[in-house]
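The residues making up each chain are set out below.
Protein chains: 2
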Amino acid sequence: MANPAPLLSFPPRRFSQAAWDDVAQKLSAHFGNRYQTGEALRRQHGHTTTWLENQPPDAVVFATSTEDVVFTVNVCRENRVPIVPFGTGTSLEGHVNAPEGGVCIDLSRKAAIKAINVDDLDCVVEPGVTRKQLNDHLRDVGLFFPLDPGADASLGGMAATRASGTNAVRYGTMKDVVLALEAVMPDGSVIRTGTRARKSSAGYDLTRLLIGSEGTLGIITELTLKLFGVPEAVRGVAATFPTLEAASNAVISTIHYGLPAARIELLDPLTVRAVNAYSDTSFAEAPLLLAEFHGSETAVEEQASIFAALVDDAGGEATDTATTPEERTKLWQARHDAYWAGLQLRPGARGISTDTCVPISRLAESVLQAQAEAERLGFIAPIVGHVGDGNFHVLLLVDPESSEEVDKAETYLSWLNSMAIAAGGTCTGEHGIGQGKQRYLRQELGDAVDVMATIKQAIDPYNLFNPGKVISS
Amino acid sequence: MANPAPLLSFPPRRFSQAAWDDVAQKLSAHFGNRYQTGEALRRQHGHTTTWLENQPPDAVVFATSTEDVVFTVNVCRENRVPIVPFGTGTSLEGHVNAPEGGVCIDLSRKAAIKAINVDDLDCVVEPGVTRKQLNDHLRDVGLFFPLDPGADASLGGMAATRASGTNAVRYGTMKDVVLALEAVMPDGSVIRTGTRARKSSAGYDLTRLLIGSEGTLGIITELTLKLFGVPEAVRGVAATFPTLEAASNAVISTIHYGLPAARIELLDPLTVRAVNAYSDTSFAEAPLLLAEFHGSETAVEEQASIFAALVDDAGGEATDTATTPEERTKLWQARHDAYWAGLQLRPGARGISTDTCVPISRLAESVLQAQAEAERLGFIAPIVGHVGDGNFHVLLLVDPESSEEVDKAETYLSWLNSMAIAAGGTCTGEHGIGQGKQRYLRQELGDAVDVMATIKQAIDPYNLFNPGKVISS
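Line order of the protein sequences matches chains A and B. For the first sequence, my numbering begins at 1 and goes up steadily by one. For the second sequence, my numbering begins at 1 and goes up steadily by one.
It is worth saying that the hints were derived from the structure and are not from the lab. Keep in mind that this is a model prediction, so the values were computed, not measured. Mixed in with the good hints, there may be bad ones.
As a list, the in silico EDC-like pairs of lysine to aspartate or glutamate whose alpha-carbon atoms are at most 20 angstroms apart [what the hints assert, rightly or not]:
id, chain 1, residue 1, chain 2, residue 2
1, B, LYS330, B, ASP136
2, A, LYS226, B, ASP176
3, A, LYS132, A, GLU222
4, A, LYS114, A, ASP136
5, A, LYS408, A, ASP176
6, B, LYS226, A, ASP176
Take the sequences, apply the hints, and build the full model.
Structural data, given as structure tokens:
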């Protein structure tokens, strides 16, 4: 499929053929058949999920150890060749693209689960472990890792983009569940940013600095993560509403009441229609909230009934749902498949998922305006949201061959991000800045971006770690 | 009172008399009688709480606006004069000392509560607001700010040191409750690190980088904080145990059960004796746990009864306690006064509070070893702990005039911090590195300290922001 023009233009690659030959020779000797240059494989290691251009690396190495990463970083640094880390490639913002070429370090084979500390509710994993692999491994010990971006992403990639998902309202984002990281820095040093202590005031918070730095400051080679006990009981509630505003008001009441919901998800009527068709569900085609409560039998029963009362107050209708694990899996799989379901509303179109997050008091008006503006511009644009956090995604369905549509999509993105920022919110709740949102980062945080650039310059003076992401100079 | 030799030696101040004269003239003209140089006031603005030497600044300015801070930073930078921010001076690690002289910026009068956003459960405050002032202000709106280090510290200072306290096991530390900061950077720029969105993936996490940076990277001039609904019901449980090990086992079971305790505090028998005498309580002189549960009436009743059963399983005895707000206030005031109560065990001694935090599975052995080693060295050393997090404080009572005792105290600190680090923990759970713990920071995090130094060098190239703290070059 042809790609539209990228949102940003990049300088040409900076390294010479001689430099590349040296890198290729050394990596090939070190990695053997774990060094690959075939075009199909290289393209798979570029961006493949949205309308951003696919920009493949010149070679891919499959690292299986921290030493492999250090070796690659040192060889590349000596030759001023860029390095792009790769987990599962499920980023939506071009994080795995190689706009200046260079070497992709694929970490999917560095995927050992090194320790599960049941008494301490923590674990030590390598970056290639995916969230589902970790949860499969934990099944027998009564613990789980709660964060669930739609994709079965790698934990290293989730940390690098500060990912979250539906459970963030209760369990937080990657910044909240990572206790410590091991990372390879641009100078080839290997650092450990923290310990297994649950809290610490020991120096600058390098753990949080690396989380969300999108591979531009360090390459994560190990993670120490918090785990949680599998709740004794789980209760789900679905609620339909006459209007999006009524649904948003129910969310505000829930948060304000202090009800400890594990997740509260909003689906607009268009998404409900798409999900019903794609996942064989039968929700009413109206604004829908899916809420879930975790705790003791007594606690979740009380919470579900309070939630039902709040739904009723807001003019909605609540029904219990999904009490068996199988029903729950089906329900949440349907929710996670909303992205793929939405794409079916316009076969052949590319999806662009927005990611604004606003203070909860501004949620209703923000979602309504987002819907109205998409309609005004003629887009089919289903909306879903992790609304307990004020985070919602508009899925714009765009024909990438139509420059008029692409222009309108860019106009919409600019309008939407500006609206969220003006409402005291952010252009990205969980997807990251990557290639596409750098202009909005500046709009949102102003001169703070200069401080980010100062840090980047100091830690990666040759701009070799994932260049063209977060900040481009 | 005479002070012992400081743990570290510092270089002489680096600025000339001419430089100081320029600073003094300009600050005096700008601040009028908010510029002060009296010795008593300057000494009050140095370290006063532990055995570390009092190192006063050359002058104190009372800032009431961000512009005051920018003005001071610019004047001082032009003259290469150090700047030390000050909140309430309750730091235990020498954070407010001015080892190289310079200007103290007292922010206690920059203390406006700028916004309370009830629907969004957040607020915007200036750094001089203390946690009690904020909670007094919130009393009528049904919200509260949960973090409670013993002292009524300023919120700016709490952020700067990544403080926490008894409620951290449920509500987190300052890194978890700050949504965004405004800060003045060493180049005089004013940055805003985030928005009011509950989560964000927008660029490097400068909020978390500044939290815990102890005034060495930026001066916090405004905070956007999460707030929480006052729980419908609060239930406290006190439990006594035959041994510290039994008490620790009850904590491990509680955490492992996933019981959402708001706080779980441990007092060793010596602390109980001191608290009984100081605060007129009548606890049995045995290892004591104080736990508190927040939630609905049904939920806290269930949680308290599960906790009582876990206490029973561990061989302890639980009694309900403190159900009225007045009783609760008295109980937790007694807990917070444990530091002052402990000092009374040896009148005239100075207290040194350790701050190690270990994985919960290592808690029992760590506390027992800490107690045994203190006894072996002949110290009176009561122990309290925020044990839900694995964080415990040994209060060493030391005669600062006895060089033998001071040496033994340093030996003990080194032994204790090394033990905690070897157990996978940290030398500081909540007090910070400051002047006294820099050697342990290196021991704990190794080459990561070099990355911290790189960041410090890039952001504050003249080392003017709180020099001699966190990292000394």
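Structure-based check of all given hints:
| no. | hint | verdict |
| --- | --- | --- |
| 1 | LYS330/B x ASP136/B | 17 angstroms, holds |
| 2 | LYS226/A x ASP176/B | 15 angstroms, holds |
| 3 | LYS132/A x GLU222/A | 17 angstroms, holds |
| 4 | LYS114/A x ASP136/A | 15 angstroms, holds |
| 5 | LYS408/A x ASP176/A | 37 angstroms, violated |
| 6 | LYS226/B x ASP176/A | 15 angstroms, holds |
Hint 5 from the earlier list is the only one contradicted by this structure; the remaining hints agree with it.
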